[in-house]
Amino acid sequence: MMTVGSPTTFLADVRRIAVEIAGPNAGDVDREARFPVETVEALKAVGALGALVPAELGGPGLPFEVVAEAAFELGRACAASGMVFAMHQIQVATISRHVVPGSFFAGYLNDLVGAPRLIASVTSEIGTGGDLGRSIAAVTTDDDGGLRFEKQAPTVSYGAYADDLLTTLRRSPDAEPGDQVIVLTSRDQTTLEPMGAWDPLGMRGTCSPGFTVRATLRPEQVLETPFPTVATESMVPVTHLLWSHVWLGIATEAFDRARAFVRGQARQRPGETPPTALRLSRLMGSLALLRAEIRSELAGFVEASASPDRAELSTMARILRLNNLKISASEQTPQICLAALEICGIAGYRNDSPYAIGRLLRDALSGPLMVANERIHQTNAGLLLVAKDV
Amino acid sequence: MTDLVRQIIREHGRLAVDVDALGDEADLYEAGMTSHASVNLMLALEGAFDIEFPDSMLRRNVFESVSSISDALHSLGVPA
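If you read the protein sequences in the order shown, they are chains A and B.
For the first sequence, this note's numbering assigns the number 1446 to the initial residue and increments by one for each residue that follows.
For the second sequence, this note's numbering assigns the number 8 to the initial residue and increments by one for each residue that follows.
One thing to keep in mind: the hints can contain errors.
Claimed, not checked - DMTMM-like cross-link-like pairs, simulated, lysine to aspartate or glutamate; straight-line CA separation at most 20 Å: (1) A:K1833 with A:E1757; (2) A:K1833 with B:D62; (3) A:K1833 with B:E59; (4) A:K1489 with A:E1514; (5) A:K1833 with B:D57; (6) A:K1489 with A:E1465; (7) A:K1489 with A:D1608; (8) A:K1833 with B:E53; (9) A:K1489 with A:D1556.
Claimed, not checked - Example chain B residues on the side facing chain A (calculated, C-beta under 10 Å, incomplete): (10) H19; (11) L22; (12) A38; (13) M40; (14) T41; (15) L50; (16) E53; (17) D57; (18) E59; (19) P61; (20) L65; (21) R66; (22) R67; (23) S77.
Rather than coming from a laboratory, the hints here were simulated on the basis of the structure.
Note that this is a predicted model, so its numbers are computed, not measured.
All C-beta atoms in this analysis are idealised placements derived from N, C-alpha and C, irrespective of residue type, glycine included.
I would like the entire structure built from these sequences, with the hints used as guidance.
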């Protein structure tokens, strides 16, 4: 077991894993809708799962931008692997940014550096209409002071392969739906009862069926910071940014396949610019816009996170911009895949060609549905009634 | 001012309990106010007091209690 070194060696490790392991297995992971186990094992072996654990808790404390870059690299090779990596890092970032020194969570993060564990999240719930900010299931206290819960979750990505689960719940059985906490339970404290099979259009390797989740836990496994603060300052922005980097990986791969196809056409007729080259030129503009949009919000988030109280992250203007990033990045990515498909023609449509776009397009189509864009538009529409300088 | 703030919370906060059952420091979100209701509350406050909350004030914790809302209004020049 190694721990992560510098940002440079970490990114070199992740790129190697992306190119040598995630990429070559991406077709099989997609076809079989199977968990990318070899990629996750390789990431564990280089200590990548603990990359965000802060230095004061014994971790490498890599900058968030470096982990975002890693999500991009993995997403480019295998979007499902990139998404699993991104989701795990979302849970680590969420805990790290709100951890109290000396707490259960501080000890947990410290352990994560030496003995990597994969964390999944149980935030969705049947009956809440996809609203992260509301829960039905509640933390219940038993007579002996132990806690337990039962939650019906319509999707739990890689739930069956995770070592630990981070779950949102109402604080107590008499709490309001928005009075939420977040709890961390280990595999041996938790049972997962599958609600059905997993055979989706894309992102098939994330293995995200529904589960009834039941767990027992101790009071210290409830994160001290109330969930609304955790969501606004960390979970939601980190989610939108890391997902966007995975989508940028898909879009970049689609563009690269289209570019390789056009180059092949040009080689067959030296001296003539193929008509597809003009389309490629237009597509480059779309990709550059997507990349610039993501980089700009990433820089804003990192800057706002550096201030002591992170006050700027809970302003409406920032919430609106990050919501908007999620909507536009998830809508632009499938459009870029479609444009790449038009350039590659039948060679892009075939699954057995080096220019195949099918898996990329199917994976990209999950973006607008993961926290439905329509719901985010509803939130933004409300915020825009009062926000001024957005 | 506080009476008018309480009246506006009663009309727009959609709390699970009557606002008069809560102290000035009580957390309105814990009392059931949703994000959607808080936006309506902000709009109603802007209308009633003829003010505009600057973006720096449009944050969850500014609207979390009768007292934090009164403080915000006070800092915008609304007399107590």
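We went through each hint and held it up to the structure:
| no. | hint | verdict |
| --- | --- | --- |
| 1 | A:K1833 with A:E1757 | holds (14 Å) |
| 2 | A:K1833 with B:D62 | holds (6 Å) |
| 3 | A:K1833 with B:E59 | holds (9 Å) |
| 4 | A:K1489 with A:E1514 | holds (17 Å) |
| 5 | A:K1833 with B:D57 | holds (16 Å) |
| 6 | A:K1489 with A:E1465 | holds (15 Å) |
| 7 | A:K1489 with A:D1608 | holds (12 Å) |
| 8 | A:K1833 with B:E53 | holds (13 Å) |
| 9 | A:K1489 with A:D1556 | holds (13 Å) |
| 10 | H19 | violated (12 Å) |
| 11 | L22 | holds (9 Å) |
| 12 | A38 | holds (7 Å) |
| 13 | M40 | holds (8 Å) |
| 14 | T41 | holds (6 Å) |
| 15 | L50 | holds (6 Å) |
| 16 | E53 | holds (7 Å) |
| 17 | D57 | violated (15 Å) |
| 18 | E59 | holds (7 Å) |
| 19 | P61 | holds (7 Å) |
| 20 | L65 | holds (4 Å) |
| 21 | R66 | holds (5 Å) |
| 22 | R67 | holds (6 Å) |
| 23 | S77 | violated (18 Å) |
Hint compliance for this structure: hints 10, 17 and 23 are not met, and every other hint is.
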